[in-house]
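Same order as they appear, the protein sequences are chains R and S.
My numbering puts the first sequence at residues 1 to 329.
My numbering puts the second sequence at residues 1 to 273.
None of these hints come from the bench; they were simulated from the model.
Don't take each hint at face value.
[Said to hold, decoys possible] Label pairs and their in silico Cβ distance ranges:
{"hint": "1", "chain 1": "R", "residue 1": "Ile318", "chain 2": "S", "residue 2": "Ser65", "range": "53 to 59 angstroms"}
{"hint": "2", "chain 1": "S", "residue 1": "Asn68", "chain 2": "R", "residue 2": "Leu132", "range": "31 to 37 angstroms"}
{"hint": "3", "chain 1": "R", "residue 1": "Arg78", "chain 2": "S", "residue 2": "Ser70", "range": "26 to 32 angstroms"}
{"hint": "4", "chain 1": "R", "residue 1": "Lys191", "chain 2": "S", "residue 2": "Ser70", "range": "43 to 49 angstroms"}
{"hint": "5", "chain 1": "R", "residue 1": "Ile3", "chain 2": "S", "residue 2": "Asn140", "range": "35 to 41 angstroms"}
{"hint": "6", "chain 1": "R", "residue 1": "Gly4", "chain 2": "S", "residue 2": "Ser108", "range": "25 to 31 angstroms"}
{"hint": "7", "chain 1": "R", "residue 1": "Phe131", "chain 2": "S", "residue 2": "Leu138", "range": "47 to 53 angstroms"}
{"hint": "8", "chain 1": "S", "residue 1": "Phe110", "chain 2": "R", "residue 2": "Ile318", "range": "37 to 43 angstroms"}
{"hint": "9", "chain 1": "R", "residue 1": "Leu206", "chain 2": "S", "residue 2": "Ser65", "range": "30 to 36 angstroms"}
{"hint": "10", "chain 1": "R", "residue 1": "Val6", "chain 2": "S", "residue 2": "Phe110", "range": "41 to 47 angstroms"}
{"hint": "11", "chain 1": "S", "residue 1": "Ser108", "chain 2": "R", "residue 2": "Ser187", "range": "37 to 43 angstroms"}
{"hint": "12", "chain 1": "S", "residue 1": "Asn140", "chain 2": "R", "residue 2": "Ile318", "range": "21 to 27 angstroms"}
{"hint": "13", "chain 1": "R", "residue 1": "Leu109", "chain 2": "S", "residue 2": "Leu138", "range": "51 to 57 angstroms"}
Glycine is no exception: its CB is placed at the ideal position from the N, C-alpha and C atoms.
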Amino acid sequence: MWIGFVLLLLVLVIAATMWSLLAGEMKIQLSQLPSILKNKTGMEYAILSNIRIPRLLLAFSIGGALSITGAILQGIYRNPLVEPYTLGISGGAALGVALVIVLGLNLKLGEFMLPVAGFAGAFVTIFLVYFLGMKRGEININRMLLIGVMISFVASSGMMFLMSITSADNLHSIIFWTMGSLEEPNSSLIKTMLIASVAGLFIAFLFAQPLNALRLGEAKATHLGINAAATIRVLFVVASLLAGLCVAVGGIIGFVGLIIPHLMRSIIGSDYRILLISSFLGGSLFLIVSDVLARTIIAPNELPIGVITGIVGGLVFILVLSRSKLKTI
Amino acid sequence: MMDKNYLKVENLICGYRGFQLDSLNFGIQRGDFAGIIGPNGSGKTTLLKAISGEIKIGKGHISLSDKNLSHLSIREKAKSIAVVTQHTEAVPISVEDYVLMGRMPYRSDFQFFETKEDIEIARKYMELTDVYRFKDKLMNQLSGGERQLAGIARALTQEPQLLLLDEPTSQLDITHQVQVLNLVQDLNTQMGLTVLMIIHDLNLASEYCDYLLMMNEGKLWKKGTPVEVLNYKTIEEVYNTVVFTQENPLSKKPAVFLVSNKILIQNKQNNSK
Chain R
1 MWIGFVLLLL VLVIAATMWS LLAGEMKIQL SQLPSILKNK TGMEYAILSN
51 IRIPRLLLAF SIGGALSITG AILQGIYRNP LVEPYTLGIS GGAALGVALV
101 IVLGLNLKLG EFMLPVAGFA GAFVTIFLVY FLGMKRGEIN INRMLLIGVM
151 ISFVASSGMM FLMSITSADN LHSIIFWTMG SLEEPNSSLI KTMLIASVAG
201 LFIAFLFAQP LNALRLGEAK ATHLGINAAA TIRVLFVVAS LLAGLCVAVG
251 GIIGFVGLII PHLMRSIIGS DYRILLISSF LGGSLFLIVS DVLARTIIAP
301 NELPIGVITG IVGGLVFILV LSRSKLKTI
Chain S
1 MMDKNYLKVE NLICGYRGFQ LDSLNFGIQR GDFAGIIGPN GSGKTTLLKA
51 ISGEIKIGKG HISLSDKNLS HLSIREKAKS IAVVTQHTEA VPISVEDYVL
101 MGRMPYRSDF QFFETKEDIE IARKYMELTD VYRFKDKLMN QLSGGERQLA
151 GIARALTQEP QLLLLDEPTS QLDITHQVQV LNLVQDLNTQ MGLTVLMIIH
201 DLNLASEYCD YLLMMNEGKL WKKGTPVEVL NYKTIEEVYN TVVFTQENPL
251 SKKPAVFLVS NKILIQNKQN NSK
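Looking at chain S on its own, in the form it has when it is part of the complex (with noise of 0.2 angstroms):
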């Protein structure tokens, strides 16, 4: 196994009055596809927002390429780690000057407008992310779909070593949740860049992510891949729910059943006869 220090998190504690992420401990391999499961509350977007300078470190430090997070600037960071969240917004302006806001770490305090430079960056990832066809309509007048694809763009714009992502499917239809995803899993493979994304549905994590990280009530529960990590134990441990999984037969990744109660007392019921 190759060592996973790209992204490296150690003994990190952080949070809020009445919510602290415990002592955390992991790292990321340069060019991971990497997934935060766990259930709501238990530390997944805190651990995001520490990570990208959002929220201030309590003990601990988080190292990218063995620079310490906390002694970049703002601005640094900027340039290294690039945000897409849930919602990527609604506002009246136009996809391409959103888009070329991705530019900002770059300008220094006197460079008000974009340089040719920027223009041509912006051009090139709304190209990638196939939102240049309405780069004039305002980012208010996109589908969710169109939105989260802008915000990807705007996000590699930034020219990052690493992208977060936080939840960025949540509120798209199955169409769109793969469109995202596979732009996602592609700028991943062909690009190599480094992804850590925050996930709900486990079946999307298993099919696009390398390595999981599960988060419950503050900690790191289980860390590997989708097949160590994916196993209906700690999926029932975790989430309180029953559950059972089976190998995907293309990709051989381990897939994740629900079970309903209207089916489990029947199951029940058919065992005691």
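Bound-form chain R, shown alone (with noise of 0.2 angstroms):
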């Protein structure tokens, strides 16, 4: 039943990354498709190669890195309702990246300077949570997410304090950079997200079988033979690093990180050697198909991409508890 449904999602991604190709301001036929890349010239090719190409290849990668980082989190801390944001690596970003605005360095060092601060952000975050949440050299995954809402807090404070010092003009940036984007000019970072998202998802099926015994809590996974502080020290590094790389570079796109895995395990249960696959298959799914109506909805102009994956991912999630509200009486 799951080769089935992996095989499905797998459908559904290429029949989005088809739809992602061709569908937008200007619509390009199917059939004009193998044509216009072979050619390599035209108006098409430029907009396929500059613009949907580089979104498509984000939109997979930050979609599917997003979910599995919310998967392996959920499966570390036996909750549901934890993302990759919960932990304050969004805000730690945020921060950063608002800092890096504020003081002017995207103007005066390059735009580079806006993933590289989110990414720095987000690596404080996990140093601190990391540090922090450990009680006598040994992790406390209660503590460490306290923590990390905590830190998350006191991120959002700092940001606020320096939008409300700043002028207009950094404040539109700050604001714009928080609403996630997926437009992103460096072919190199983007190039890094899919190998990151695609390495983070080898590294984390390699831990699938620790992460299935730690759904029984971390004494019993002890007793199945697995040790559990080293795959949750693991794990939650991987997780965290992959979730800053992708705020990083898209900025902050909420949801998907909660909501796949979520959905992803009432359809096919919590074994994570499907969970993680289907996640990350989900995940690019989600974050393609939000992509494009982004783009279209309001075509010419375009809408951020983390309103759609909030209205879109929220309205899902309802739909998901009341169904299963329903099942339970």
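Assemble the dimeric complex from its two separately framed chains, guided by the hints.
Dropping the structure here:
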């Protein structure tokens, strides 16, 4: 059954990929696509190579990466409401970016400073959550979660402070960044994101069995021969770095890390050997579709992708929750 | 008396801030059905956690079949020792998948799916524990007794040398208590599995265990056969409760009877008259 489900997701990702390449202000026919890509000339090719393909690759990799980080963190914390941003990663990244914008470093040193600052902010948060979350040399997951939530509050207050003292232009830049965007001119960053997301899936899959054992709790996982503490350490660092990279490249794209793993779990169960792959494909599919909607709903203008993921994600989440409630009744 | 050195605990000190086991020394023979008894907070679970590797040993040694457990990897330990706890998890995982988790210690890091052999071993123990008939049900759809049986099936699927049980029957009615304990007894007598079980009910401990370790205040207060350990003096001293004991006419093991305050007062009044 699960092989069929994964194949279905794969087919849907391919279909969404096609839709993403063809839809937009300038529509391209499916029959034209091979010749455009072969000839490598003309307006259509420019649109595909400069706008749609880079966005598609980012949507695929960020969607997949955010979704598996959500699945991993929910597994580690045994809490289906944990997502990459609960741990303050987005808050830290946003604060880093806001600081760079307010200090004008992006204008002085170049726009690459924004993702660098985002990643640095996320990294500092991860560092704080990890080390402050330790108690007598051992990881305490509840403590980590609380510290993450607190750092998130501190970061958002710091950001509001920066926003309150900066110019209107800077304010606009900060707000625009926090809404998330898949527009990334730097092809190296896109490649890095793509490689990191696939590598993240591979590493996470190596830990599928320990994650399965952790569903029973740390003590029970230890009884089953799993080094629970080491598993949690490695997976926390992998998931956090991946989430930090996503935020640095795409800004704050909410809900993907929360709802996609949740949705997949409700369909195919909690076996991580299947959940990780399904979550990756589901996250990619969700973000590719959201990106097409963001580009086309009010074309030629564009909606921030965070708005689409928030609205669509929120509604789907409520629907799933209400349906599952009905089932239990 | 045979040497009790299959599971050997020597000068064991470990625990938490504010509570430590006080230099425990004891041994258990291969094939024993041993019980740990004692009041709440006496260190029973701490001892079990030290043996299973859940908490670190401060001082002393624990060895199983002459192998120092501290020198074994977590995985190797899971192949030798399986644990059944008071609460088997009510998780949304099918019984079969849950029982198959017992094969985890035998899988390499790059073996992601169970082998045919794993499935056969899990099936064998599901049949033995009578949970195979609801193997497709989710664990959270089972009754407490059925879940405990599935927990035992999972532990057996680990094919351990030593089975540790932490109050496996405390949440169950007497039908399921007896069902679970009869099963553990069968595993002990028929398969030769060595069993170490924490149990609160002194009568069940007396009936099912061949050997008892009575804990109190982090110390091993008394050890021996039920007849040696379960006398009214020791029980009153450790539990601070008035009891009397009598031999069970069928099993020839001691049965413990509680005496309530009301009866004690009545008894005193009758004596004074």
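Which of the numbered hints are not met once you compare them with the structure shown? 5, 7 and 10
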